[in-house]
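2 protein chains.
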Amino acid sequence: MNSTARQPSCIVIGAGAVGVIAAYSLSRAHKCTVSLVVRSDYDHVMKQGYQIDSCDYGFIQCWKPNHVYQSAVDAASSKIFFDYIIVTVKNIPDGPVQDRISEIVRPIVDSNRNLSQRRLTNILLIQNGIDIEKEVLNNFEETKYNLSLLSGVQMIASTKIGPGNVQQSGRDSISIGAFNCEDHRAVSSAHEFVSIYQNEGCNYVDYDPNVRYTRWRKLLYNATISTTTTLAGLDALRCIEFGQDQKGTEVYILRPAMKEIIAIAASEGIYLGDDQIEHFLKVARKLIYKPSMCVDFEKGRLMELEVILGHPIRIAQSNEIQTPTLMVLYHLLTLLQAKVKESKGLIGLEGCPPILVENSLN
Amino acid sequence: MNSTARQPSCIVIGAGAVGVIAAYSLSRAHKCTVSLVVRSDYDHVMKQGYQIDSCDYGFIQCWKPNHVYQSAVDAASSKIFFDYIIVTVKNIPDGPVQDRISEIVRPIVDSNRNLSQRRLTNILLIQNGIDIEKEVLNNFEETKYNLSLLSGVQMIASTKIGPGNVQQSGRDSISIGAFNCEDHRAVSSAHEFVSIYQNEGCNYVDYDPNVRYTRWRKLLYNATISTTTTLAGLDALRCIEFGQDQKGTEVYILRPAMKEIIAIAASEGIYLGDDQIEHFLKVARKLIYKPSMCVDFEKGRLMELEVILGHPIRIAQSNEIQTPTLMVLYHLLTLLQAKVKESKGLIGLEGCPPILVENSLN
Chain A
1 MNSTARQPSC
11 IVIGAGAVGV
21 IAAYSLSRAH
31 KCTVSLVVRS
41 DYDHVMKQGY
51 QIDSCDYGFI
61 QCWKPNHVYQ
71 SAVDAASSKI
81 FFDYIIVTVK
91 NIPDGPVQDR
101 ISEIVRPIVD
111 SNRNLSQRRL
121 TNILLIQNGI
131 DIEKEVLNNF
141 EETKYNLSLL
151 SGVQMIASTK
161 IGPGNVQQSG
171 RDSISIGAFN
181 CEDHRAVSSA
191 HEFVSIYQNE
201 GCNYVDYDPN
211 VRYTRWRKLL
221 YNATISTTTT
231 LAGLDALRCI
241 EFGQDQKGTE
251 VYILRPAMKE
261 IIAIAASEGI
271 YLGDDQIEHF
281 LKVARKLIYK
291 PSMCVDFEKG
301 RLMELEVILG
311 HPIRIAQSNE
321 IQTPTLMVLY
331 HLLTLLQAKV
341 KESKGLIGLE
351 GCPPILVENS
361 LN
Chain B
1 MNSTARQPSC
11 IVIGAGAVGV
21 IAAYSLSRAH
31 KCTVSLVVRS
41 DYDHVMKQGY
51 QIDSCDYGFI
61 QCWKPNHVYQ
71 SAVDAASSKI
81 FFDYIIVTVK
91 NIPDGPVQDR
101 ISEIVRPIVD
111 SNRNLSQRRL
121 TNILLIQNGI
131 DIEKEVLNNF
141 EETKYNLSLL
151 SGVQMIASTK
161 IGPGNVQQSG
171 RDSISIGAFN
181 CEDHRAVSSA
191 HEFVSIYQNE
201 GCNYVDYDPN
211 VRYTRWRKLL
221 YNATISTTTT
231 LAGLDALRCI
241 EFGQDQKGTE
251 VYILRPAMKE
261 IIAIAASEGI
271 YLGDDQIEHF
281 LKVARKLIYK
291 PSMCVDFEKG
301 RLMELEVILG
311 HPIRIAQSNE
321 IQTPTLMVLY
331 HLLTLLQAKV
341 KESKGLIGLE
351 GCPPILVENS
361 LN
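Chains A and B, in that order, are what the protein sequence lines are.
The numbers in full-length UniProt numbering rise by one with no breaks, and the one at position 71 of the first sequence is 71.
The numbers in full-length UniProt numbering rise by one with no breaks, and the one at position 186 of the second sequence is 186.
Some clues are possibly wrong.
It does not matter which identical chain is used: a pair holds within one copy or between any two.
Derived SDA-like pairs (lysine to any residue); straight-line CA-CA distance at most 20 angstroms [to be verified]:
| no. | residue 1 | residue 2 |
| --- | --- | --- |
| 1 | 339 | 295 |
| 2 | 160 | 350 |
| 3 | 259 | 322 |
| 4 | 247 | 342 |
| 5 | 259 | 324 |
| 6 | 341 | 246 |
Rather than coming from a laboratory, the hints here were simulated on the basis of the structure.
Using the sequences provided together with the hints, build the complete structure.
Have a look at this one:
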């Protein structure tokens with residue numbers, strides 16, 4: 001907690017299934033004020049608030065955070081200093097420029113700086129992937145903006161089932177830490193955030209002293225099982241069960257891909273045990289489950305491909321680690337991502353023959 | 001040509017876009033009698049015949065072959081001895097048993113044997129893939145049934161656009177040879193077939209002295225470009241253009257996969273030059289084109305996965321050739337194939353948890 005009596009002020013950017021639960025968790029613990037940036041559901045939420053059906057918190061109706069804004073720009077004009085900017089949107093560095101994390105937080109970071117050059121602005125990224133903090137650091141000088149960057153790695157099953165309506169079916173379990181564990185102010189903020197987010201007996205919140213380990217560990221699942229389900233268009237259990245002799249997927253895709261992730265992590269000093277492979281394969285077999293990357297693609301949304309697979313592969317290349325399996329997955333998924341981009345008018349073929357031929361034998 | 005005055009009798013099984021053009025080509029050359037097994041369009045064809053819009057033959061209306069049968073069983077009951085059984089259906093050894101090639105030709109092979117034990121029954125497989133003759137040979141004793149197995153490798157762009165309506169937009173170019181080039185009777189039949197199929201100035205028909213080379217060469221395209229387009233759900237040109245920096249697909253999927261095919265072929269004494277890689281990449285860049293495997297998957301049909309990729313991979317395994325790229329493509333496509341199989345009720349999950357969870361962050 002802050003040493004002063006003043007409660008910290010938090011703003012959650014991204015009112016999807018994850019963001020709403022984050023905002024509610026903070027609000028319920030009564031240790032901070034909570035603002036939420038709500039884009040598409042704004043009118044609905046202003047009128048009726050949220051309906052949340054949560055395995056952690058029960059059935060909640062007409063809930064509203066302290067402040068609701070339609071955009072980060074609106075929030076910035078409120079003249080509130082936000083101690084924690086909590087980002088729960090998808091991280092798509094290859095998407096439209098305005099959706100990059102630095103652009104998303106910019107209005108509030110700027111407004112914070114205008115309001116106080118002494119107070120610390122904590123940016124907490126509750127997102128998948130590795131090296132996600134770099135895009136923010138590349139776009140804001142840390143000292144000039146008095147920033148501290150926090151990492152949130154979350155396991156949760158939560159779905160937005162309608163406007164202002166969120167269903168959480170899997171417990172919220174989140175690790176919070178400083179991206180740079182030598183940044184003592186960030187470490188201190190991470191500890192504070194754990195305390196303001198915690199709802200005893202409901203959610204699981206841990207301080208994470210080794211963020212990079214935790215992110216690599218989660219990648220072991222996301223870079224291999226999530227990617228395979230996306231290419232197959234099948235849940236994780238079917239991907240395993242429907243392999244050749246019920247083991248082709250595991251033996252020829254998942255295990256080799258996981259070993260490659262372990263090798264990349266090891267090349268930068270992060271050691272994941274082989275037992276983690278067994279753990280995640282067991283998780284995948286446990287229930288019929290479509291990871292978010294698969295769901296995103298099926299719903300025509302851009303995927304978190306770069307932070308989940310592109311960044312690890314680039315680390316592998318600079319550390320000269322061979323990743324033949326991940327390479328094929330990545331370059332195939334690049335094509336699925338391109339398909340989504342083309343459907344959104346973000347890319348297109350130029351100067352190419354316009355004839356589509358369908359052949360019956362070739 | 002046969003030494004007797006009698007014209008050979010041909011039956012085409014599979015009245016898809018390829019089969020109809022094959023039957024028409026034979027019919028137009030007037031050197032054999034032509035029967036066609038027509039399953040779904042039977043009533044339409046009996047009433048109105050075929051409409052064919054062909055780049056090779058022009059616009060044809062109300063065309064019928066000499067005989068039209070609704071099934072191979074019906075054809076067998078006609079008491080005609082068929083010198084050439086021409087199979088143009090897809091080859092899906094992992095599909096329903098009744099759709100295997102040996103089962104498809106069985107009624108006619110049996111009936112031929114009852115009609116004459118001296119006359120040769122030629123089975124011509126106009127199909128993709130490698131080792132496709134083995135399933136037939138495993139199910140019929142060659143000498144007992146007096147069989148000769150012929151191979152047809154075809155390049156054609158032809159589509160069935162409605163009942164009894166075929167549009168051929170790419171020239172028919174076909175290589176005919178004996179699967180076993182030491183089987184002199186098959187070699188002789190292949191030569192005869194070339195002569196009865198040829199329509200001077202219209203189609204391209206060649207006698208193929210090295211069937212296995214030709215099949216491996218075509219696999220260079222089908223096992224790599226066709227498979228990639230299927231996984232991406234994009235035409236070949238987009239697959240290349242939409243890769244990372246417009247070269248990721250080519251550098252990390254297509255070229256490695258093609259090199260693996262070349263290595264497998266070499267392991268059994270078939271030498272494909274590296275210039276073939278450049279040739280097929282050029283073909284892929286030339287026009288916006290979805291290969292049949294991609295079209296089959298998109299239309300919910302089973303794919304020729306085993307003959308195109310499964311068989312080559314099994315050859316690689318027994319010859320100890322490493323195929324890391326093809327392995328990932330094959331085991332991913334196995335999942336797409338399983339998806340089609342499940343949709344047709346051919347396979348399913350058994351005794352598994354029935355809950356589908358969609359997660360927003362995992």
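Item checked: Homomeric proximity label, residue 339 with residue 295: Cα distance no greater than 20 angstroms -> The answer is both: 15 angstroms in one copy and 16 angstroms across copies each meet 20 angstroms.
Notebook entry, point to check: Quick one: residue 247 to residue 342, C-alpha cut-off 20 angstroms, is that within a copy, between copies, both, or neither?
Noted result: between (35 angstroms within a copy, 18 angstroms between copies)
Item checked: Alpha-carbon proximity context of residue 160 and residue 350, limit 20 angstroms -> neither (37 angstroms within a copy, 30 angstroms between copies)
Check: For the identical chains here, do residue 259 and residue 322 meet the 20 angstroms Cα criterion within one copy, between copies, both, or neither?
Finding: both (11 angstroms within a copy, 18 angstroms between copies)
Margin query: As a check of your reading, is residue 341 near residue 246 (CA-CA no more than 20 angstroms) within one copy, between copies, both or neither?
Written below: between (34 angstroms within a copy, 15 angstroms between copies)
Checklist line | Within, between, both or neither, where residue 259 and residue 324 count as close if Cα-Cα is 20 angstroms or less | finding: Answer is both: 11 angstroms inside a copy and 14 angstroms across each meet the 20 angstroms cutoff.
The earlier numbered hint that this structure contradicts is number 2, and it is the only one.
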